[in-house]
Amino acid sequence: MKKNLLFLFSFVSYYAMYAQQIENKTLLDVLQNDTSTKTETQSTPRKLNVYLDSKYENYTRIREYDPNESKFRVVQSRVYAKGVFSNKVTYQLRYRLNESVASNALEFAFLEYSPDEHWTIGLGKQFTAWGSMELSYNSADLYLFTNIISSIELFSPGASVAYKTHGQSFKLQAISPTTQFASEEFKNKAYAGLFLWEGKLFQDHLQVRYGYGLFQHNANKFYSWITLGNRLTTGNWMAELDWIYGSRNITDTQFPTIADKQPISYIRDNVTTMSLKYKLNKMTPYVKAVYNYRTDLDTNNSYSSTGISAAIEYNPFETELMKQLRLYAAYNYITYDYKNYNTIGNQSESQIAIGARWMIPLF
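Sequential numbering from 63 applies to the sequence shown in my numbering.
Mixed in with the good hints there might be a few duds.
Unchecked claim - In silico DSBU-like links for lysine-lysine, alpha-carbon gap of 30 Å or less:
| hint | residue 1 | residue 2 |
| --- | --- | --- |
| 1 | Lys283 | Lys109 |
| 2 | Lys150 | Lys187 |
| 3 | Lys385 | Lys344 |
| 4 | Lys150 | Lys133 |
| 5 | Lys109 | Lys187 |
| 6 | Lys226 | Lys187 |
| 7 | Lys187 | Lys133 |
| 8 | Lys251 | Lys341 |
| 9 | Lys385 | Lys262 |
| 10 | Lys144 | Lys344 |
| 11 | Lys283 | Lys339 |
| 12 | Lys187 | Lys262 |
| 13 | Lys109 | Lys144 |
| 14 | Lys109 | Lys385 |
| 15 | Lys233 | Lys251 |
| 16 | Lys341 | Lys385 |
| 17 | Lys283 | Lys401 |
| 18 | Lys226 | Lys339 |
| 19 | Lys283 | Lys144 |
| 20 | Lys133 | Lys344 |
Just so you know, these hints were derived from the structure itself, not from any lab.
Turn these sequences into a full structure, and let the hints steer you where they fit.
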């Protein structure tokens, strides 16, 4: 962990000094290591923004059958950097500081090139082009999660091309998926293709994020995903409705241990979420409902969970440094219905979280 922090600090420090040193060079000059200078009128704008993205809270979980828990915790602590080399080239990186597995600490690092106002080409470990509204959020902005967002591949190595016109964006992306989708035999040679439409309709009152993904499992089998998200805004109100449907291979501790059952389950998720927000000066009340239905396709066992969340957010400051400090309190109630399991009764739990989220501008 110390090595990760030292590496990250060194990288950001060097990048900031380097960005200042190349202030009067074009990107082509830098790539060619050209030492010639240009006049101020010939130079292109460059900027580097670095943030510490943090969320801390006191969390209490009350369950019927398992021991309760209550503790202070660091929900997330990340460094986020975005560099603008010119109006055409940008670079984004996010690194998780509280990740215990070093290989998972780098969430994304990608380069985007926009030759004109319509086209954008991306390369690197980037946001997986899922649709839906929930999968587009920073997880620090959510209080009640579906059983998808906490485990699905939100970031993937690959390449993408997007076309933007009249408030619409159409993206095609090719990625290398993990064993959530690829079989053990194909884990180093499988590919996936995704399509994402992000649109604004009806004078921007309705926003949509509709996606479809096809993931190679082996030579003869593919997994498909449909991810649909809608956001309606009018005045101070904002409502969202999502539907997510697809298959993958995961370990799910909710499924009981079966003697002849492998730890990895071939499952299908069917998820619906609805939420409503109202912006009232510095206060934002927020309610959300989630329905998760998961089926083990190998055994035909299934369970569902239904959750309801109520939260209040408060942004006390308006200064540049403090305007992204948000205080919050949230209550979640979740019930589990184990369907055709005879040995487990239905269960429920309550969750209470009180904390702060702060996107701290470092430089």
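For a C-alpha distance cap of 30 Å, please report whether lysine 283 and lysine 109 respect it.
With Cα atoms ~45 Å apart, lysine 283 and lysine 109 exceed 30 Å; violated.
Does lysine 226 pair with lysine 339 here, judged by a C-alpha cut-off of 30 Å?
Cα-Cα ~28 Å, so holds.
Compare the distance between the alpha carbons of lysine 150 and lysine 133 with 30 Å, and conclude whether the hinted pair is satisfied.
46 Å, violated
Has the given pair, lysine 187 with lysine 133, been kept, meaning a C-alpha gap of at most 30 Å?
34 Å, violated
Does lysine 385 lie within 30 Å of lysine 109 when you go C-alpha to C-alpha?
21 Å, holds
Next pair to validate is lysine 226 with lysine 187; report whether the Cα-Cα distance is within 30 Å.
Status holds; Cα separation ~21 Å.
Given pair status - lysine 187, lysine 109, alpha carbons within 30 Å
The given pair, whose Cα atoms are some 21 Å apart, holds under the 30 Å limit.
Would the hint linking lysine 385 and lysine 262 be met if the CA-CA limit is 30 Å?
OK: lysine 385 and lysine 262 at ~27 Å, within 30 Å.
Between lysine 251 and lysine 341, does the CA-CA distance stay at or below 30 Å?
Measuring from Cα to Cα gives roughly 47 Å; hence the hint is violated.
Hint check: lysine 233 vs lysine 251, CA-CA at most 30 Å. Holds or violated?
Cα-Cα ~23 Å, so holds.
30 Å Cα cutoff - pair lysine 283, lysine 144:
Given pair lysine 283, lysine 144 is violated - Cα atoms ~38 Å apart, limit 30 Å.
Does lysine 283 pair with lysine 339 here, judged by a C-alpha cut-off of 30 Å?
41 Å, violated
Violated hints for the displayed structure, listed by number in ascending order: 1, 4, 7, 8, 11, 19.
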